Amino acid sequence: MTTAQIAVTLLGLAAVLWVNWYFFVAGRGVAVAATVQAGGVQCIRVEVKGGYAPAVIRVRADAPVRLDFHRDESNPCTEEVVLPDFGIRTYLAAHRTTPVSFTPAAGTYEFTCGMGMVRGTIIAEQHG
Amino acid sequence: MPGAVTSPTESCTIPVTGMTCAACSARVQRALERTTGVASANVNLMTDAATVAYDPGVTSPERLVETIRATGYGAELPLPEASSEDLLDAQDEARATELRSLQWKFAVAAVAGVAAMALGMAPAAMAPGTAGPIRYLQFALMLPVVGWAGRHFYTRAWSAFRHHGADMNTLIAVGTGAAFLFSAAVTLFDDWFAARGVEPHVYYETVAWIIALVLLGNLLEARARGQTSGAIRRLIGLRPATARVLRAGREETIPLAALRPGDEVLVRPGETIPADGVVADGTSNVDESMLTGEPTPITKRPGDTVIGATLNRNGALRVRIERVGGETVLSRIIRLVQQAQGSKAPIQRLADRISAVFVPVVLSIAIVTFVVWFDVGPAPPYLHALVSAVTVLIIACPCAMGLAVPTAVMVSTGRGAELGVLIKGGEALERSQAIDTVVFDKTGTITEGHPAVQTVVLAPGVDRGAIPDEARLVALAAAVEALSEHPLSEAVVAESRRLGAAALGAAGFESRTGRGVLGTVAGHRVAVGNTALLLELDIEPGPLAKVADGVAADGYTPVHVAVDGRLAGIIAVADPVKPTSRRAVEALRRMGLETVMLTGDDQRTAASVARAVGIERVLAQVLPERKLDEIRRLQSEGRVVAMVGDGLNDAPALAQADVGVAMGTGTDVAIDAGAVTLMRGDPLGVVAAIRLARRTLRVIRQNLFWALVYNVVGIPIAAGVLYPAFGLRLTPAMAAAAMAVSSVSVVSNSLRLRRFTPKGQP
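Those protein sequences? They're chains A and B, same order as listed. Counting in the working numbering, the first sequence runs from 1 upward without gaps. Counting in the working numbering, the second sequence runs from 1 upward without gaps.
For the record, the hints were derived by calculation from the structure and aren't laboratory data. Predicted model only: the values in this text are computed from it and were never measured. The C-beta atom is built at its ideal place from N, Cα and C for all residues, glycine as well. Keep in mind that a hint or two might mislead.
Quick list of the computed label-pair ranges, beta carbon to beta carbon [said to hold, decoys possible]:
hint: 1; chain 1: A; residue 1: ILE123; chain 2: B; residue 2: LEU535; range: 52 to 60 angstroms
hint: 2; chain 1: B; residue 1: GLN603; chain 2: A; residue 2: ILE123; range: 49 to 57 angstroms
hint: 3; chain 1: B; residue 1: PRO255; chain 2: A; residue 2: ASP72; range: 33 to 41 angstroms
hint: 4; chain 1: B; residue 1: ARG34; chain 2: A; residue 2: TRP18; range: 29 to 37 angstroms
hint: 5; chain 1: B; residue 1: PRO255; chain 2: A; residue 2: HIS127; range: 39 to 47 angstroms
hint: 6; chain 1: B; residue 1: PRO624; chain 2: A; residue 2: HIS127; range: 37 to 45 angstroms
hint: 7; chain 1: B; residue 1: ARG100; chain 2: A; residue 2: ASP72; range: 20 to 28 angstroms
hint: 8; chain 1: B; residue 1: VAL58; chain 2: A; residue 2: TRP18; range: 32 to 40 angstroms
hint: 9; chain 1: A; residue 1: HIS95; chain 2: B; residue 2: ALA26; range: 24 to 32 angstroms
hint: 10; chain 1: A; residue 1: HIS127; chain 2: B; residue 2: GLY74; range: 29 to 37 angstroms
hint: 11; chain 1: A; residue 1: ASP72; chain 2: B; residue 2: ARG34; range: 23 to 31 angstroms
Let's have the full structure, built from the sequences with the hints guiding it.
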């Protein structure tokens with residue numbers, strides 16, 4: 001093996017490790033709690049731009065939740081948001097805020113783009 | 001903030017844009033706090049939002065937005081929950097804009113690709129003196145391609161990257177980016193490369209072709225995806241904009257939103273009925289096909305219910321509106337279909353799991369491909385390594401995987417709605433295709449559900465003083481039956497009315513579920529019911545037992561009427577079999593399904609109906625509360641059971657079945673009762689639902705298989721696994737074409753479901 005080959009192999013190995021670390025490990029978001037507004041609705045603004053920010057949302061179970069999806073891009077990948085557990089598939093207009101309301105029981109729910117590639121999680125917890 | 005609920009002020013959250021630092025948020029906060037009517041304001045830089053507590057009597061969220069804008073930052077109120085129409089319109093508009101822009105981008109990339117290729121093949125490109133300038137010319141041609149036509153791939157990939165996400169754009173961006181940057185480096189620093197023995201080889205036309213082909217794929221895919229929601233658009237479009245309402249004796253045209261229950265509307269021939277109601281005056285044929293799939297118009301007379309959005313054909317109708325807005329049948333259908341389209345089929349889990357890891361895995365494979373070609377490939381190693389890695393990135397198609405299930409579910413539930421078959425979602429579809437046993441609750445599904453009296457037989461030794469004739473027997477029975485809700489009761493009451501008997505009153509009414517009713521009429525103790533009731537009351541059937549047998553053998557239901565503890569006569573009631581029942585049962589059998597009939601009727605009546613329609617297995621004399629157990633019993637035999645009922649009296653059994661099918665007519669449909677709702681009382685709808693489910697699952701499996709096989713086969717070939725043995729490898733442009741075809745073919749395959757027609761139904 002030449003020096004160049006050894007260098008490319010090692011670099012390649014490092015690149016593979018980095019790709020898997022960056023997308024699978026480093027990407028795990030920190031949960032952000034929704035704020036309670038008048039009427040007891042828990043609201044949170046979710047930025048939609050290549051992903052969801054925050055991607056992990058903590059809410060109180062059995063109380064109404066409103067996610068205000070602000071889609072700040074025209075990438076069609078994120079044009080729909082799906083909350084399969086609540087039977088919601090909604091179009092998100094570009095550069096607009098689209099509210100999505102539901103009331104979760106305790107549990108963990110997923111929200112994804114129309115094709116299931118961009119993902120977020122809602123953790124609904126019971127409070128004593 | 002539990003205190004917010006009881007606080008006299010109201011609070012709202014306003015998204016703020018343009019804030020970059022703590023000074024910005026502080027400025028916005030100060031501005032808000034200084035506004036009159038604001039109790040407190042909290043501007044959060046992390047969430048880009050201002051939470052304001054304010055006095056609604058003094059200021060409003062709109063004015064707060066103005067205040068924020070005056071500070072130089074952007075603010076807007078979240079939209080109220082937008083209506084389906086608005087969302088679809090917005091989606092249409094966005095899609096039209098996107099299609100136009102994609103067309104232009106594709107044109108530019110394709111022209112640049114052709115030009116770059118022509119330049120590359122020109123003899124001048126090989127000549128030592130002109131090769132350099134030609135590379136510069138090609139480089140210049142690529143600037144609009146990567147800088148404009150394909151720019152969004154890079155910006156979108158970058159946004160996703162910042163969120164630790166990767167999608168289709170990532171693959172295209174990395175693939176074309178690598179090829180372009182290498183080519184640009186070779187163009188700009190050819191001397192440096194030449195000095196190190198690297199041939200100045202460029203891949204400009206490859207970059208242009210990849211971008212052009214992927215854009216073409218996106219273009220076709222966007223166009224096809226626009227069609228997947230066509231059914232729901234058509235449903236929404238059925239709603240008329242206005243209604244002609246009668247107010248204070250005058251005709252007035254008002255917007256649909258202003259229509260209220262209790263309003264009387266005029267519907268002329270050719271007009272659409274604005275909302276659900278009852279015909280107050282007039283007779284006409286109404287076309288309900290758009291909601292129920294029923295092809296023949298239905299004659300509506302005063303007292304009949306009409307459904308909003310159906311078409312009045314030939315007569316003028318005056319309709320008293322009963323339900324408007326979200327309560328109408330049409331709105332409920334739209335809601336159900338939308339929810340169904342938002343649901344996820346369990347079969348999608350596999351695709352989801354793959355989608356979630358797809359792009360990083362492909363990136364890893366591309367890196368490994370590069371290394372392997374570099375280490376053991378033919379010379380020049382870096383060129384082969386680069387081209388192979390780019391080919392891997394480009395051929396991989398996560399979109400096909402992501403589109404495989406949702407597009408099929410969307411098209412299928414939409415098509416179902418057009419046929420009057422509402423399927424509650426992906427899971428309902430998946431379970432429907434697995435059904436092997438269909439249980440019909442006889443009344444209202446196999447039969448019309450409107451029984452009528454056929455004959456009346458008096459007992460030979462009946463007390464002629466109390467019961468001089470058949471009409472008196474019917475009148476006595478009707479007095480008790482009038483208090484019951486059983487369908488057979490209606491027949492007896494209707495018959496009594498038809499015979500012209502004066503209605504009698506009953507006292508001490510008692511209902512014995514599944515057996516009959518009792519009461520005291522004109523001083524006589526009257527019991528009306530089946531043999532089980534006689535047994536319970538210890539009444540001997542006597543010579544009438546034979547009559548009852550004969551009546552039952554003819555398929556009629558014998559209604560026993562006992563007066564003062566003795567059987568006085570039998571009223572034979574029959575519920576006519578629906579004209580399509582036999583065809584439906586036959587069709588189900590041909591599909592390999594077993595049909596079972598469940599009924600509260602006695603064995604012989606049930607057997608006679610079953611014979612008439614061709615059902616082999618009959619569960620007779622099943623009390624309403626036992627229906628559930630019968631379904632359980634069938635399930636314990638290892639069957640996947642569909643239960644077909646009216647959704648009103650058999651809701652528990654419908655819920656217990658693997659698939660509950662609620663069958664109704666018009667406004668009386670229990671839309672939420674089952675996993676499947678049939679908008680008209682035609683048993684052929686069951687056949688249509690199962691056929692549609694089977695077709696849909698077939699399409700989903702084809703899609704998933706295609707998407708999986710495409711990637712599983714395509715990626716290794718692109719990586720060059722066939723090269724050592726066969727010398728076969730793909731070019732990046734070929735990969736781009738394959739990728740474009742792959743996602744378009746999945747959507748097109750799903751769109752085939754739009755043409756689904758249930759065989760055996762017009």
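The hints, checked one at a time:
1. A:ILE123 / B:LEU535: 52 to 60 angstroms: 59 angstroms, holds
2. B:GLN603 / A:ILE123: 49 to 57 angstroms: 56 angstroms, holds
3. B:PRO255 / A:ASP72: 33 to 41 angstroms: Holds, since B:PRO255 and A:ASP72 (Cβ atoms, about 34 angstroms apart) stay within the stated range.
4. B:ARG34 / A:TRP18: 29 to 37 angstroms: 50 angstroms, violated
5. B:PRO255 / A:HIS127: 39 to 47 angstroms: Given range 39 to 47 angstroms: holds, Cβ gap about 45 angstroms.
6. B:PRO624 / A:HIS127: 37 to 45 angstroms: 42 angstroms, holds
7. B:ARG100 / A:ASP72: 20 to 28 angstroms: 21 angstroms, holds
8. B:VAL58 / A:TRP18: 32 to 40 angstroms: 56 angstroms, violated
9. A:HIS95 / B:ALA26: 24 to 32 angstroms: Between A:HIS95 and B:ALA26, where Cβ atoms are some 26 angstroms apart, the hint holds.
10. A:HIS127 / B:GLY74: 29 to 37 angstroms: 35 angstroms, holds
11. A:ASP72 / B:ARG34: 23 to 31 angstroms: At 29 angstroms between Cβs, range holds.
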